[in-house]
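Student: Letter by letter, the chains look like this.
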Amino acid sequence: MRETRPVMSTRNVGLVGRVVREKMRAEEKVQLLGKGARAAKRSTYVTIMLTGIKAVVGLLSGSIALLADAVHSLSDIFTSLAVWLGMKLSQRRPSERFSYGFYRVETLVFLIVSIVVAVSGVQVLLASLNRILNPSPVALASATLSVAAVSALVSYLLYRYKSQIGDATNSQALQGEAKHSLVDVSSSALVFVGILVHYFGFPWAEGIAGLLIGLLTIRLGLGMGRDAVLVLLDACLKPELISQMKKIAAEVKGVRGVHEIKVRRSGPFIFAEMHVEVGRTMRIDEADVISSTIEERIRDSIEEVDSVMLHVEPSKMDACRIAIAVEEDRELDSRISQHFGKSPYFILIDLHEDGTRSWFVTENPGARIERKMGIGAAHLLAQHKADVLVAKEVGEGPYHVLRDSSIQIFDLNEESNIERVLDAFLRKELRSLAHPKEFG
Amino acid sequence: MRVGERIMNAEDVRTILLQRGIAVSRRSTFILVLLSVAKVTVGLLSGSIALLADATHTIMDIAGSAIVWLGLRLSLRKPTDRFPYGFYKAESICTLIVCIIMIFTGAEILRDSIERFHVPSVISFRPVVIAVAIGSGFVSYFLARYKEKAGRETNSQGLRVESRHSFADVLNSGLVCGGVLFTYLNVSRVEPLAAVIISAFILWAALTFGKDSVFSLMDVSPQPAIRKAIEDTIVGTPEVKGVHALRVRRSGPFIFVEAHVEVDGRTSVEKAHMIADEVQDRVQEKFKEVDSMSIHIGIHEKHR
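So the sequence lines, in the order shown, correspond to chains A and B.
With the numbering used here as the guide, the letters of the first sequence map in order to residues 1 to 440.
With the numbering used here as the guide, the letters of the second sequence map in order to residues 1 to 304.
Chain B with its partners taken away, still in its complex shape (with noise of 0.2 Å):
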């Protein structure tokens, strides 16, 4: 039952690769919740209204986040008859979700600072509403930096964009403890320039993100050079004569390859199945993500 065995580990990869995605997307779900509940706390007590508006804003970013482990999560169920090729897609549609909440809160962050640049915003010089914004903007440095790199390993893009959310949240900190600066100095105009830079990158990695998503719900291809590299490793299977007709599809965080592979004609079905298993089974050596391989063994055009 080597075979089987074999499936099963790149199976558990996967499993494991998306059980990480989803701890990483949990755990910072609940930091941001617990992020908001101490503005709001703080700003009750304190009767900040800055930080009350701050402690919505953070919602989105509590709802983009759940979004993401939701789509994490049903990319882990397992293929049903209905779904034949399993849920990773699910990843997509999510990503592409937390794409549109940030191009929507983008496009207010810029309306308001050409707001600002005609009617300067009130500066909030209180202590507790800049404590509160330098910590809030270390916790999202920390949830940036770690979403990054969970969603690198996991090849996950809701996380990755997830990660820009919170760094937009970082810049936004620092803008709050900026204001106060800019105002000391008597530069009126800094602020709502910066918050338009802001935007400016939020829409960016929005867009960015969901064409990505929009791509991978369409098919794509992942970059050139892994499909060249996925190529090659299957023309070096011994007794691959040739491949042709070699598709690969992004699907969440994974991909799909199928591909006509050559042999010599008087191979029998046997050998050839053989041979397909090895194919796949160097494929999936090189590429942890590669999902499942679809291949056809065909007679090489030589021999035809």
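Here chain A stands alone, though its shape is the one from the complex (with noise of 0.2 Å):
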């Protein structure tokens, strides 16, 4: 059985555009994942070295201070470790268990990082707050303060670097491990100062500043694991995205509505719901079509969205409604016209659903000018929304506007009266108008 496909379909990319789209967009979300977790690699690399140099200088030395930050430097190696291993997982293709893919490994890695910051943050409070009330001379080693000074250069280049890439993957971990190492800028830098100060003979000012430290430290590892947790919870974090989807979809013709839209967030990505409002009549064909665009679009214009899922429903807040070309403007008894773009008066009917009818007559603007009538009165019937046009005639131009617009067009075949039009209707006797149709 041979069906003939909407003309929208044309501008569509079809089904084997659409199988090579998901393709491309499915490599590049597995590139993006791999760019952050190269990024995680290397920042655990040069974490390692880091820590290393630390405690061999720290042995050799015999500077307690700077093994203690060799040991501090522990967790540093771990949660690179993780946001690594994560950003690796995370790249696994959706399986028949995990349908909706990995992602979310990258998010309970950045929950693991938040603790870590949080509890370092506790660490070094308690740390300074040991100094303030046990103060201890301090020797100015020099090989410390060279250590702690490159320490502090190579975290500050770590946290740009994981920064940068965190932002440009949108990976919450990467930005997380960023300041983890931004808090590791600040510690070392401490370390450095408070030789200094303590030199220049200012015991106290050290440890002040480490409880200032640590408590920044705690406050960021709390709101990061507060962040963690609401998109662990299905929050929806940007609310903004709601009303771009809303306006995105709502300039697709043939769409009458947009509500409840969802957005949850997966790792770097966002799983977008939303419920689409199209003339009730409007067939289940063309309602696919116009998911596919407001899909499309929406994936197009916010990058971060992995999937929307569409369900479309009828329109809630009109009836259908109908229109006939009429020659005259005498409501329900006017005489249906025989020509589309010629006729001087359209009548729109609402069928509601209580069984009710309402209506309106509407002027043709488009009968006074000399060319391209068609064209005009099939967009003055999309203005007034219509949802079906029973028609004797409609020439090829006027046709694609109509379906353009999803009006649902019927042969009129031989009615002239619109009660009869209307009753034919609604026993669904009216055949589909499936080409257009004119006559000289």
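Be aware that one or more of the hints could be misleading.
To be verified - Simulated pairs of lysine-lysine, DSS-like, Cα-Cα distance not exceeding 30 Å:
1. B:Lys286 with B:Lys228
2. B:Lys241 with A:Lys23
3. A:Lys262 with B:Lys241
As the list claims (entries may be wrong) - In silico contact screen, one side only, chain B against chain A (beta carbon under 7 Å); selected entries:
4. Phe83
5. Tyr85
6. Val128
7. Ser221
8. Val263
9. Gly265
10. Thr267
11. His296
12. Ile297
Claimed, not checked - Here chain A is said to cover these stretches of chain B; the calculated rule only asks that three of the stretch's residues, wherever they fall, bring their Cβ under 8 Å from a Cβ of chain A:
13. 214 to 220
14. 235 to 248
15. 271 to 281
Hints in this document: simulated from the structure, not taken from any laboratory.
Bear in mind that the values here come from a model prediction, so they are computed numbers and not experimental data.
For glycine and all other residues, C-beta sits at the position ideal for the given N, C-alpha and C.
The task is to assemble the complex, starting from two chains supplied on their own in separate frames and drawing on the hints.
Tutor: Here it is, written out as structure tokens:
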């Protein structure tokens, strides 16, 4: 059985095109996550090297501060490794068991990073308190000073690198890791400044600066943890996305209304859901084209969107609106016009769900123009949001305009009375006008 | 308004389930509080250090129980603009926290028992201690049974892991009584060995349910059998020609379903909407834990 596909399909990418694009998108996502994984891998190596240097210099110089710092760096190695593994796992393709993919691993890693950051804040706080309560003389060791300076510099570079890649890949875990490095910058700087300040005779300064850094770090860790938990709870963190999606969907032709938009985050990506209202007589094959258009446009303009689940439903706000070309303005008694573009009036009848009807007649300004009268009339009907046109003939141009506006076209056949047309429509006896039809 | 009524009913069922879970976790938290108060009182009156130490352990149990209670209470909240999918995942997060607490508890017992292989612990022969141990063992056993049953009914992993937690307490109480017996029989190695087994049990339960809650946070699909049954139910609905892109995810005790349902391309949107309602009806009829279904009606491949 051959079905004539709606004309709209010529503008659509088509099934094959869609499959290809889908593949490309999946590739892009894997590449993005791969980029994040590489950045995490590199920073793991750098952190391991830095820790090694601190440990070696600490052992050689006998500096307890450096050794303690090296032990602290173990947590940096741990979180970098976690982010690396997390980003690697996130790249896995969705499976039957994990039908939404593994992006959430990235969020879980973000949670772990935030806990480690908060705990390290508590440690800094306790150490500083200890320093204030039990001040101990600090030797001006050039080895310790230079290692602290190098470590601060390297951590700063790592911070820059990770936050840049984190922003580019939209990865919260990498962004969190970047902040973790920033904490390291401050604690290394603290060692450096502490020694100098001590030397110049302000032994209290280091402890107080440490307290401050500790508190800020705890706040940072808790804030990050809160974000991670919100994502895990499927919270909507970017309400502006909803209005953006609503706008995009509402602009697609044939869409009557958009509601119940839900978005939730999974790792660096977003899953969206929305209800779209269309005319109730629209056919599913046409509704499908509208759905894929909406999905394409949303994914084109909001890159982080992984998928959009569209639930198409009949428009609630109005009844079915039927347009018929008429020769005169005598309401339901008007004579039906045999033409489309040239007819002077159109009657638009709303069939309500409870069986009642309401109608209005509108003048066809297109009838007075010499050329392209049909196109003008089609635009008029689209403007009045008609669902259905019952007509004897529709030229090629207007036919396409009507189909693009998702207006169903039915053959008037030999009917001449509006009541009888409506009855035939309700009994579903009207045949669809599958092709443009024009009489000389 | 048939549609509205049906949704209300499914929602009611879920609310009732959650409220039952909340009641069970609240009651067991109170029972645990009473138990620890009893232990502290008897411990102070009799001057038994063993009982006082046990009372501090019960505080961990109270914390775990209270966290599950909190998680279930949060889950009951209605969806908001900020949390459009509701708060069910709070239950999974709370379960995860309980599992982490249990991992620490299990590790501590393991460490203690390994120490005891070398330094045998002093066993108390005091009848008060043994009496309290037997009493608390029975209470814990009752709690374990109660929570497991409710956990299964309400599909709450938090209650089920709490049930394991209580069962570990039963074993612990048994060990206190057993210790007396072992000392009497003069077999010193058995007690620490039994403690190792208990800690292994706790760690195993914590890791199993911890994995489960992490998977739930990762949008894991329920058992393949449920997924298959949902798929069959959808396909079995009249007018439905096929289904693809079926995605099922667990959120706390409930399930969210997304599916592309295929129908004949000439079907009207109005009709399709009715089919979608029917599909949701049938699935929720069979699976009470299905919270919401997101259905996209599309063309059956053959008709493309």
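Student: Interface hint check: Phe83 of chain B, Cβ to nearest Cβ on chain A, cutoff 7 Å. Holds or violated?
Tutor: Holds, about 5 Å.
Student: Taking the closest Cβ pair, is Tyr85 of chain B under 7 Å from chain A?
Tutor: holds, 4 Å
Student: How about Ser221 of chain B: closest beta carbon in chain A under 7 Å, or not?
Tutor: holds, 5 Å
Student: Can Thr267 of chain B be said to touch chain A, with a Cβ gap under 7 Å?
Tutor: holds, 5 Å
Student: Do three or more residues from the segment 271 to 281 of chain B put their C-beta atoms closer than 8 Å to C-beta atoms of chain A?
Tutor: holds (count 3)
Student: Does Lys241 of chain B lie within 30 Å of Lys262 of chain A when you go C-alpha to C-alpha?
Tutor: Distance ~28 Å between Lys262 of chain A and Lys241 of chain B Cα, so the pair holds.
Student: May I ask you to test the interface hint for Ile297 of chain B with respect to chain A, counting a Cβ-Cβ separation under 7 Å as satisfied?
Tutor: Check passed: Cβ of Ile297 of chain B comes within 6 Å of chain A, closer than 7 Å.
Student: Hey, Lys241 of chain B versus Lys23 of chain A, does the alpha-carbon distance stay inside 30 Å?
Tutor: holds, 26 Å
Student: A closest beta-carbon separation below 7 Å is what the hint needs, so does His296 of chain B meet it against chain A?
Tutor: This interface hint holds because 5 Å falls under the 7 Å limit.
Student: If you look at each residue in the segment 214 to 220 of chain B, do at least three have a Cβ nearer than 8 Å to any Cβ of chain A?
Tutor: Held - the segment 214 to 220 of chain B has 5 residues with a Cβ nearer than 8 Å to chain A, which meets the minimum of three.
Student: Checking hints one by one. Is Gly265 of chain B an interface residue toward chain A, by the C-beta closer than 7 Å rule?
Tutor: Since chain A brings a Cβ to about 4 Å from Gly265 of chain B, closer than 7 Å, the hint holds.
Student: How does the segment 235 to 248 of chain B fare against chain A when you require at least three residues with a CB closer than 8 Å, holds or violated?
Tutor: With 3 residues in contact (Cβ-Cβ under 8 Å with chain A), the coverage given for the segment 235 to 248 of chain B holds.
Hint compliance for this structure: hint 6 is the single one not met.
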